[in-house]
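Colleague: Going down the list, the protein sequences come from chains C and A. The numbering of the first sequence is the working numbering, which starts it at 193 and goes up by one. The numbering of the second sequence is the working numbering, which starts it at 70 and goes up by one.
In case anyone wonders, no lab produced these hints; they're calculated from the structure. Note that the Cβ used here is the ideal one computed from N, Cα and C, for glycine as well. A hint or two may mislead.
Claimed, not checked - Quick look at which bits of chain C chain A covers, simulated, 3 or more residues with Cβ under 8 Å: (1) 211-218; (2) 235-247; (3) 270-281.
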Amino acid sequence: MPSVPRDNGSMSLYGPLRRRMLENGDWDRIAARLARELNEKGWIDRFRDLSKETARRAEAIGGVSVDTLMTELWPQAEDEVPTVVRQDTIGAIRKVLERQIEF
Amino acid sequence: MSFQDTDTDSSSCPHLATTFAHGEERGSLLSRYKNAVQWNTRRNHCVAHTVKRRKITPPDCGLCGLALSRPYACLHCSVAACWSGGHIKQHLQDMGHDFCADVTTGYVFCIECDDFVQDSTFFRRFKATIIAEEEKDTAFEVSKRLREPFSPWQPNVMERTLLDSVVSLPCQGRRGLLNLGQTCFMNVILQSFVANPLLRNYYLGDKHNSRLCKLKECTSCEMDKLITEVYSENNAPYGPIELLAKTWRSSAELSGYAQQDAHEFFITALNNIHATSKGSTSLQCICIIHSTFAGLLQSDVKCERCGKVAEKTDPMLDISLELKGEAGGEQDLTLASCLRRYTHPEKLGPNDYSCEKCGKAHASKRLSIRKLPPVLSFQFKRFEHKSVDKSAARKIEAPVRFPSSLNMAPYTTLVMHKQELLKESGAASQSLIPDSALGPESLYDYDLFAVVCHEGQIDNGHYTCYARSHDEWYRYDDDKVTHSTLGMCLNSQAYMCFYVKRYLDYKPHVTPSYIVMREQEAVKEREREREKEAARIRELDELLAAAL
Chain C
193 MPSVPRDNGS MSLYGPLRRR MLENGDWDRI AARLARELNE KGWIDRFRDL
243 SKETARRAEA IGGVSVDTLM TELWPQAEDE VPTVVRQDTI GAIRKVLERQ
293 IEF
Chain A
70 MSFQDTDTDS SSCPHLATTF AHGEERGSLL SRYKNAVQWN TRRNHCVAHT
120 VKRRKITPPD CGLCGLALSR PYACLHCSVA ACWSGGHIKQ HLQDMGHDFC
170 ADVTTGYVFC IECDDFVQDS TFFRRFKATI IAEEEKDTAF EVSKRLREPF
220 SPWQPNVMER TLLDSVVSLP CQGRRGLLNL GQTCFMNVIL QSFVANPLLR
270 NYYLGDKHNS RLCKLKECTS CEMDKLITEV YSENNAPYGP IELLAKTWRS
320 SAELSGYAQQ DAHEFFITAL NNIHATSKGS TSLQCICIIH STFAGLLQSD
370 VKCERCGKVA EKTDPMLDIS LELKGEAGGE QDLTLASCLR RYTHPEKLGP
420 NDYSCEKCGK AHASKRLSIR KLPPVLSFQF KRFEHKSVDK SAARKIEAPV
470 RFPSSLNMAP YTTLVMHKQE LLKESGAASQ SLIPDSALGP ESLYDYDLFA
520 VVCHEGQIDN GHYTCYARSH DEWYRYDDDK VTHSTLGMCL NSQAYMCFYV
570 KRYLDYKPHV TPSYIVMREQ EAVKERERER EKEAARIREL DELLAAAL
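Just chain C, with the same shape it has in the complex (with noise of 0.2 Å):
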């Protein structure tokens, strides 16, 4: 799970900003567009099926539970977001603060 940015400079305008965009529906927007691209990229379905055996193996030997896979699997998760859908994302959020944040 991604980790509350902790720059203290911006960290008083997060809270206010992430409101801001779940009120207006650009969060649910982005991130609506953001699984569209990853399942049509694969990375979704390869990442459905990655845990899925390796939870299985994992029975062998006594099972394994949601959060040690997602600490396990997040980091690679993470690395193989392809880099034309990140910056898409990135992109998108950019053009929403410009709108709210008076720079």
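With the hints as your guide, set chain A onto chain C.
Modeller: Here is chain A on its own, set in the frame of chain C:
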């Protein structure tokens, strides 16, 4: 499986089982769960189509105060919290509460097990709640009537008695098919039929009983026999000999021991089953094949000069997608890119098109799907025939990436038209569905259930297939059935893919016309019998009277 809440709950969590034993606690847990899921579904719908400036307030995390993008709802109190940082787990521990649920997926977490737990009651409640909410969101465009609500089947008293007296057979529902001489092309299609939930249910539900059917050369009977054989205690590979023989007799081009094309067999089989199904008609047929596979393809031809658009719809049983001549070469092919290409406007020259208003003109033609069928079948045109002679052909080996879940909204007529309209007025929608009247996203969701693969050359190859049973994938290589994975399936070289709609649409129940007619005939027959009997009695009376 019925949806009665009083049926035995199957759960993997002993703590849940203990809690569920107390009726009141059970009720309260389920009620909170339902409210949380309902709230989330409603919010999704609102968010997809926000009217400008209208705010949809998300709940705040009970621990850190951040607005929640993915709430986990406690099932014992009204607190919701983040998963990250262990916030919801902290709450459960602090308050001595046991269970919480992820409102997005409906998954339930047990603090004692320290893991997510599987439970059929929650699962059923989740599905039922989502479906009910989404039905409320979709109204017919013209009549404004709401969708026919789904109601799970409940057996009546007579049916319950019958069910209780029935003997359950242990069976896997998976059987290999013997290769009867280069018949792998037939075996893979048959496996895709067995894995097809609508076809399987039709035959398991005795809708075409091969022991009662009086038709000769009935292919539908062969399907019934196949399903019966697969859903039996016998696990040994089965040889569909009679089905093969009937196919040879009905379609000369598919006979003989040479390798045939699986797609050709697919279409032939569909037509044969349609022809031998009760209630099949040539127009707007409602037989099992058409109810399952038939969709409508729309072609819009727009005259470049006057802008007039000529619309034409054609029925279709499947979609054949071109692979050659892709802009980026034959690399990086995906099902989505093929579909985009399929629905992309195509230029027509003045010699190809004549506009009603202005005669020969440049035009552009665009295909879209007007009506989505419950089962979507895709064929990737891998076999390129250079001439009429089948042997001089090339196979396109390039792999095509396809997903396990597919959303068909961008390729449907109404969505495409709406997007065009919005683009022209400069208000292009960010959402998948540009207009709330076009229904929730899930209406267009499909799940992969079978994949037909071809290895080797065009005349010297072998067909295998992958098929899904619940959430597990199996590989079928004629008589050999092996447990496989989603990954193996998606990495194979697909020739055909089969998807089934996640949520079906229901019409109000109407007795099919051929059954109504049959009943009317039976009533008339009984009348005739009564008349005859009455006449006989009168005759006897007269004879007796004359004799006396």
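Colleague: Which constraints among the numbered hints does this structure fail? Numbers only, ascending.
Modeller: Of the numbered hints, just 3 does not hold.
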